[in-house]
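Asks: Please build the complete structure, drawing on both the sequences and the hints.
Chain by chain, the residues run as shown.
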Amino acid sequence: MSRLGMVIDTRKCVGCQDCVVACQTENDVPQGFCRDWITTEVRGTFPQLTMEIRSERCNHCDNPPCVSCCPTGASHVEAFGKVVLVTANKCIGCKACIAACPYDARYVHPEGYIDKCTFCLHRVKEGKDPACVSVCPTHCMHFGDLDDPKSAVNELLRTRRHHTLLPEAGTRPRIFYLS
Amino acid sequence: MAQFTRRRFLKISTASLGASAVAAQWPSIGPLAHAAQAAQAAPAGVTTIPTFCEMCFWRCGGIAHLRDGKLWKFEGNPKDPQSMGRLCPRGTGAVGAHYDPDRLRQPLMRVGERGKEQWKAVSWDEALGFIAEKMNKIKAEHGAESMALFNHGFGQRFIQHALKSWGTINYAGPSYAQCRGARDVGFQLTFGSGVGSPEPLDIKNTDCLVLIGSHLGENMHNSQVQEFAQAIARKVPVIVVDPRFSVAASKAKYWLPVKAGTDVALLLAWMNLLVTEGRYDKAFVQQYGHGFDKFAAEIKGYTVEWAAEQCDVPAELIRAAGREFASHRPATIIHPGRRVNWYGDDTQRSRAIALLNGLLGNYGRMGGMFVAQGIKIAPYPLPKYPEHAKPRLDGAEADIYPFADEGITTAIRDATISGKPYPIKGWFVYSTNLMQALPSEAETIKAIQNLDLLVVCDTLPSEMAGWADVILPDTTFLERHDELLTGFGRTGWAALRQPVVAAPHDQKPAWWIAKQLAEKLGVGTSMPFKDMEEYLSARVEKSGHSWAKLKTEGVIMAEHKPITVEEGLALEFATPSGKVEFWSDQLAAKGFDAVPKYTRHPEAPAGMFRLISGRAPVHTFSRTQTNPLLHDLMADNEVWVHTATAVKLGLKNREYVKLKNQDGVVSNRIRVKATQRIREDTVYMVYGFGHTNKMLKTAYLRGASAGGLNSSYKTDPIMGSTSIHTNFVSFIKEV
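Listed in order, the protein sequences are those of chains R and Z.
Residue numbers for the first sequence follow our numbering, beginning at 1 and rising by one.
Residue numbers for the second sequence follow our numbering, beginning at 180 and rising by one.
Think of the hints as simulated: they come from the structure by calculation, not from any bench.
Check the hints yourself; a few may be wrong.
[What the hints assert, rightly or not] Below are the DSSO-like pairs computed for lysine-lysine, each with C-alpha atoms no more than 30 Å apart in a straight line:
{"hint": "1", "chain 1": "Z", "residue 1": "Lys-313", "chain 2": "Z", "residue 2": "Lys-343"}
{"hint": "2", "chain 1": "Z", "residue 1": "Lys-873", "chain 2": "Z", "residue 2": "Lys-625"}
{"hint": "3", "chain 1": "Z", "residue 1": "Lys-839", "chain 2": "Z", "residue 2": "Lys-295"}
{"hint": "4", "chain 1": "Z", "residue 1": "Lys-249", "chain 2": "R", "residue 2": "Lys-125"}
{"hint": "5", "chain 1": "Z", "residue 1": "Lys-432", "chain 2": "Z", "residue 2": "Lys-383"}
{"hint": "6", "chain 1": "Z", "residue 1": "Lys-461", "chain 2": "Z", "residue 2": "Lys-758"}
{"hint": "7", "chain 1": "Z", "residue 1": "Lys-295", "chain 2": "Z", "residue 2": "Lys-837"}
{"hint": "8", "chain 1": "Z", "residue 1": "Lys-876", "chain 2": "Z", "residue 2": "Lys-852"}
{"hint": "9", "chain 1": "Z", "residue 1": "Lys-258", "chain 2": "Z", "residue 2": "Lys-383"}
{"hint": "10", "chain 1": "R", "residue 1": "Lys-150", "chain 2": "Z", "residue 2": "Lys-383"}
{"hint": "11", "chain 1": "R", "residue 1": "Lys-128", "chain 2": "Z", "residue 2": "Lys-414"}
{"hint": "12", "chain 1": "R", "residue 1": "Lys-128", "chain 2": "Z", "residue 2": "Lys-258"}
{"hint": "13", "chain 1": "Z", "residue 1": "Lys-827", "chain 2": "Z", "residue 2": "Lys-709"}
{"hint": "14", "chain 1": "R", "residue 1": "Lys-128", "chain 2": "Z", "residue 2": "Lys-249"}
{"hint": "15", "chain 1": "Z", "residue 1": "Lys-479", "chain 2": "R", "residue 2": "Lys-128"}
{"hint": "16", "chain 1": "Z", "residue 1": "Lys-728", "chain 2": "R", "residue 2": "Lys-128"}
{"hint": "17", "chain 1": "Z", "residue 1": "Lys-258", "chain 2": "Z", "residue 2": "Lys-758"}
{"hint": "18", "chain 1": "Z", "residue 1": "Lys-461", "chain 2": "Z", "residue 2": "Lys-479"}
{"hint": "19", "chain 1": "Z", "residue 1": "Lys-249", "chain 2": "R", "residue 2": "Lys-150"}
{"hint": "20", "chain 1": "R", "residue 1": "Lys-95", "chain 2": "R", "residue 2": "Lys-125"}
{"hint": "21", "chain 1": "Z", "residue 1": "Lys-740", "chain 2": "Z", "residue 2": "Lys-769"}
{"hint": "22", "chain 1": "Z", "residue 1": "Lys-839", "chain 2": "Z", "residue 2": "Lys-876"}
{"hint": "23", "chain 1": "Z", "residue 1": "Lys-318", "chain 2": "Z", "residue 2": "Lys-709"}
{"hint": "24", "chain 1": "Z", "residue 1": "Lys-479", "chain 2": "Z", "residue 2": "Lys-758"}
{"hint": "25", "chain 1": "Z", "residue 1": "Lys-258", "chain 2": "Z", "residue 2": "Lys-473"}
{"hint": "26", "chain 1": "R", "residue 1": "Lys-125", "chain 2": "Z", "residue 2": "Lys-258"}
{"hint": "27", "chain 1": "Z", "residue 1": "Lys-912", "chain 2": "Z", "residue 2": "Lys-852"}
Replies: Written as structure tokens, this is what we have:
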């Protein structure tokens with residue numbers, strides 16, 4: 001059994017938003033919405049500045065509050081890769097998961113159900129990387145099995161300094177940012 | 180770049196789009212029959228066709244994916260050296276150009292006064308017949324030289340060919356005098372060859388990269404950004420000179436936030452530092468340098484302390500950065516830049532950059548500047564252009580700008596206004612929005628008043644199209660053939676542009692427009708082929724390559740030839756001395772400085788700020804703002820203001836203001852971005868916004884136009900490029 005996750009090198013990322021467009025075309029995300037986005041965090045005062053640029057999306061948490069709060073079981077942890085998914089035809093659009101997600105990773109699809117990043121499972125099952133990973137001109141994203149000690153993602157986590165978003169939320173995110 | 184939260188992003192996007200749910204439905208458009216034939220193996224219902232991108236000027240190879248016959252996505256072609264299998268956001272968003280609801284759909288002719296944007300739809304036959312009649316009238320009354328062409332992008336090839344076959348001699352693109360021209364002339368004067376595109380910089384193997392105002396990563400020059408990211412990953416020291424904390428600056432070991440307009444002072448001090456401390460490549464200079472002693476004497480006075488005062492950055496920072504990049508030579512690159520027309524002395528600044536590279540001895544060296552190689556593809560036999568008696572007035576032949584080697588857009592505009600040396604009575608404008616691309620909108624409008632004919636051919640109704648007599652709707656690159664791309668790089672290559680879907684309305688490809696117009700102009704023999712399949716296949720097959728294979732692979736790679744000394748390249752310099760000209764006799768002979776000198780540029784008047792502009796990774800010029808995918812990512816531009824300045828002026832983050840420049844020109848409203856990422860005396864915006872053509876419904880009056888505020892410009896006397904960073908603005912608080 002695998003446990004899929006992502007390791008993103010913020011040093012390489014230039015924040016071009018290619019990951020956002022690629023996701024939109026790959027997954028027919030309706031115009032005006034997105035499943036991934038770019039955040040820039042600037043610290044310091046001129047001229048002593050630092051900036052971290054991050055490509056963000058659903059963290060596919062090991063402890064996902066969006067799943068435990070779902071009244072219908074639409075929001076669930078898929079057996080394949082322990083990816084957090086929404087079954088559209090089970091979803092009643094109550095938005096409990098949107099309120100529960102500390103990462104603001106979900107939106108209401110115009111057709112009424114809740115939508116979000118799927119880690120491009122349809123691609124992953126064909127042996128490809130998610131669209132955002134494979135499009136990135138800076139090669140800053142790495143995707144793989146966190147349960148496999150030999151995976152490239154684990155190798156990066158072993159050798160590089162990294163952090164997750166809002167670890168205090170206790171969600172145990174599976175997107176890691178190298179800094 | 181989105182700095183707001185996702186919830187905010189949704190709110191803004193929804194507000195801007197209104198019926199976003201409705202807009203999600205792409206119109207149904209079928210693929211071309213032959214495109215489907217060329218398709219490669221792919222998942223059921225999906226066909227793939229390679230073609231190269233035109234979302235910017237980098238010309239990356241991509242693969243279009245059609246799902247159930249509809250254009251679905253556009254991915255990088257792994258065989259292509261410009262994309263290396265990955266496109267930038269604009270390339271990925273190219274799908275949106277095809278589906279753009281604001282596209283021009285059929286030929287339009289002006290009804291009523293010019294510039295009032297009132298049109299009637301006409302047939303291609305009527306539109307082209309009208310143009311041909313007017314052009315021939317101009318020829319009869321004034322001569323063919325009075326019909327000028329402004330062109331940009333890869334689609335221009337046959338439009339230019341048809342007009343030149345008819346007799347046009349004055350043609351220019353803003354890519355020269357409003358962009359890279361000064362850089363190419365500065366390098367030409369120094370090394371005997373211009374920089375060219377893509378810039379032959381071995382960033383992949385470099386040990387140090389210096390960016391003078393180049394905002395790599397925000398300008399998404401695809402393969403270059405890919406190599407830049409690799410360099411960052413290799414922990415290569417990056418040195419960034421920019422009044423703004425750019426994305427590149429955030430990756431840099433040294434950031435020098437110089438006062439805008441003082442770059443030459445810094446470059447001279449760095450050169451002097453290298454010479455006085457003996458850190459330059461003495462062997463290279465001795466073997467290949469011309470006039471080094473005179474050069475060294477000339478730059479002697481420019482100390483680091485002096486530059487620190489000019490640039491308003493600490494002397495120690497200048498010294499440390501200079502020593503750092505010198506220590507890595509020859510695998511150090513001082514990036515030549517690209518959009519370098521800043522202050523009107525840009526050839527000399529570019530020459531200073533070239534000279535600094537010369538001192539580092541990085542020419543033709545691994546990790547430095549390699550010597551790009553091309554590919555040989557047989558030409559298609561075409562008739563010669565007619566002889567012309569009068570000289571070109573666009574700068575390329577006339578002695579207005581002695582070192583101009585391409586046409587100058589603004590020289591054509593000047594002649595259109597003055598009627599001297601001879602009148603210009605017609606403009607054909609292909610794929611360039613002169614209203615934003617040229618300085619001084621007022622002068623462009625003044626010139627237009629003297630025209631008997633103004634034709635605009637484009638995919639979108641730009642501001643320029645708003646002034647046209649006839650608008651011709653071009654296809655997007657996804658719907659047409661173009662000339663074969665023969666590129667220069669580490670290895671030469673050729674790439675194919677072929678249609679992947681049919682044009683959605685009555686748009687026609689530029690080559691077809693050119694061919695029809697040529698026939699109506701009586702020069703139909705200038706394009707002696709039925710269609711582009713015939714033309715392109717002849718060129719490819721005659722060169723010993725397979726046309727069928729090119730259609731399925733998209734790219735032909737040449738054999739690799741040496742590009743560096745390390746690979747066995749023998750260095751040659753096509754300057755008059757045959758050497759790297761540290762002292763330029765050519766410039767001296769024409770009365771210019773043989774070695775760059777520092778000119779102090781005017782400071783902002785009290786209460787005003789210098790306006791500088793740049794690029795965003797998701798937009799190209801003023802031509803992508805209506806693309807639904809890219810509009811989603813960046814619908815407006817913002818004016819960057821230092822937080823302290825904002826507080827002083829009572830400006831709130833995200834509030835709307837208008838900008839008023841020193842000539843009283845007032846911009847459209849624009850949001851404030853209060854940030855620590857810029858000097859207090861400078862403001863910044865991404866250019867290309869603030870559209871005023873109502874037909875651009877999605878982008879109409881979104882943000883402000885940097886081009887519109889460029890009413891005060893300086894012209895480089897060496898080669899005619901016009902400045903963009905010579906304006907000052909104050910803020911008008913919006914009601």
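Asks: A separate judgement is required for each hint: does it hold in the structure or not?
Replies: Each hint, compared with the structure:
1. The straight-line distance between the Cα atoms of Lys-313/Z and Lys-343/Z is roughly 16 Å, inside the 30 Å bound, and the hint therefore holds.
2. For the proposed pair Lys-873/Z and Lys-625/Z, the alpha carbon gap of about 21 Å is at most 30 Å, so the pair holds.
3. Of the supplied pair hints, the one linking Lys-839/Z and Lys-295/Z holds, its CA atoms being roughly 25 Å apart against a limit of 30 Å.
4. For the suggested pair Lys-249/Z and Lys-125/R, the alpha carbons sit about 24 Å apart, so the restraint of at most 30 Å is met.
5. At most 30 Å may separate the alpha-carbon atoms for a hinted pair to count; Lys-432/Z and Lys-383/Z meet this at roughly 18 Å.
6. For the hint linking Lys-461/Z to Lys-758/Z, the alpha-carbon distance of about 14 Å falls within 30 Å, and the restraint holds.
7. With a C-alpha separation of about 24 Å, the suggested pairing of Lys-295/Z with Lys-837/Z holds against the 30 Å cut-off.
8. Among the hinted pairs, Lys-876/Z with Lys-852/Z is consistent with the structure: their alpha-carbon atoms are about 25 Å apart, no more than 30 Å.
9. Proximity of Lys-258/Z to Lys-383/Z is assessed by CA-CA distance (about 18 Å); at most 30 Å being required, the pair is judged to hold.
10. For the hint pairing Lys-150/R with Lys-383/Z, the CA-to-CA distance comes to about 28 Å; that is within 30 Å, so the pair holds.
11. A threshold of 30 Å between alpha carbons decides the hint, and for Lys-128/R with Lys-414/Z the separation of about 29 Å falls inside it, so the pair holds.
12. Distance hint between Lys-128/R and Lys-258/Z is fulfilled; the C-alpha atoms sit about 18 Å from each other, no more than 30 Å.
13. Using a Cα cut-off of 30 Å, the hinted pair Lys-827/Z and Lys-709/Z is violated, with the two alpha carbons roughly 66 Å apart.
14. The hinted pair formed by Lys-128/R and Lys-249/Z meets the criterion: a straight-line CA distance of about 22 Å does not exceed 30 Å.
15. At roughly 59 Å between alpha-carbon atoms, Lys-479/Z and Lys-128/R are farther apart than 30 Å, so this suggested pair is violated.
16. A distance of roughly 26 Å separates the Cα atoms of Lys-728/Z and Lys-128/R; the hinted pair therefore holds under the 30 Å criterion.
17. About 37 Å separates the Cα atoms of Lys-258/Z and Lys-758/Z, which puts this hinted pair outside 30 Å; it is violated.
18. A hinted pair counts as satisfied when its Cα atoms are at most 30 Å apart, and Lys-461/Z with Lys-479/Z qualifies at roughly 17 Å.
19. Of the supplied pair hints, the one linking Lys-249/Z and Lys-150/R is violated, its CA atoms being roughly 41 Å apart against a limit of 30 Å.
20. For the suggested pair Lys-95/R and Lys-125/R, the alpha carbons sit about 29 Å apart, so the restraint of at most 30 Å is met.
21. For the hint pairing Lys-740/Z with Lys-769/Z, the CA-to-CA distance comes to about 37 Å; that exceeds 30 Å, so the pair is violated.
22. With a CA separation close to 25 Å, the supplied pair Lys-839/Z and Lys-876/Z stays within the 30 Å bound.
23. Our distance criterion of 30 Å between C-alpha atoms is met by Lys-318/Z and Lys-709/Z, whose separation comes to about 28 Å.
24. Taken as a hint, the Lys-479/Z and Lys-758/Z pair is honoured in the structure, with Cα atoms around 22 Å apart against an allowance of 30 Å.
25. Distance restraint check for Lys-258/Z and Lys-473/Z: the Cα-Cα separation of roughly 48 Å exceeds the 30 Å cut-off, and the hinted pair is therefore not satisfied.
26. Only pairs whose Cα atoms come within 30 Å are accepted, and Lys-125/R paired with Lys-258/Z is accepted, the gap being roughly 25 Å.
27. Restraint check for Lys-912/Z and Lys-852/Z: satisfied, since their Cα atoms lie roughly 14 Å apart, inside the 30 Å limit.
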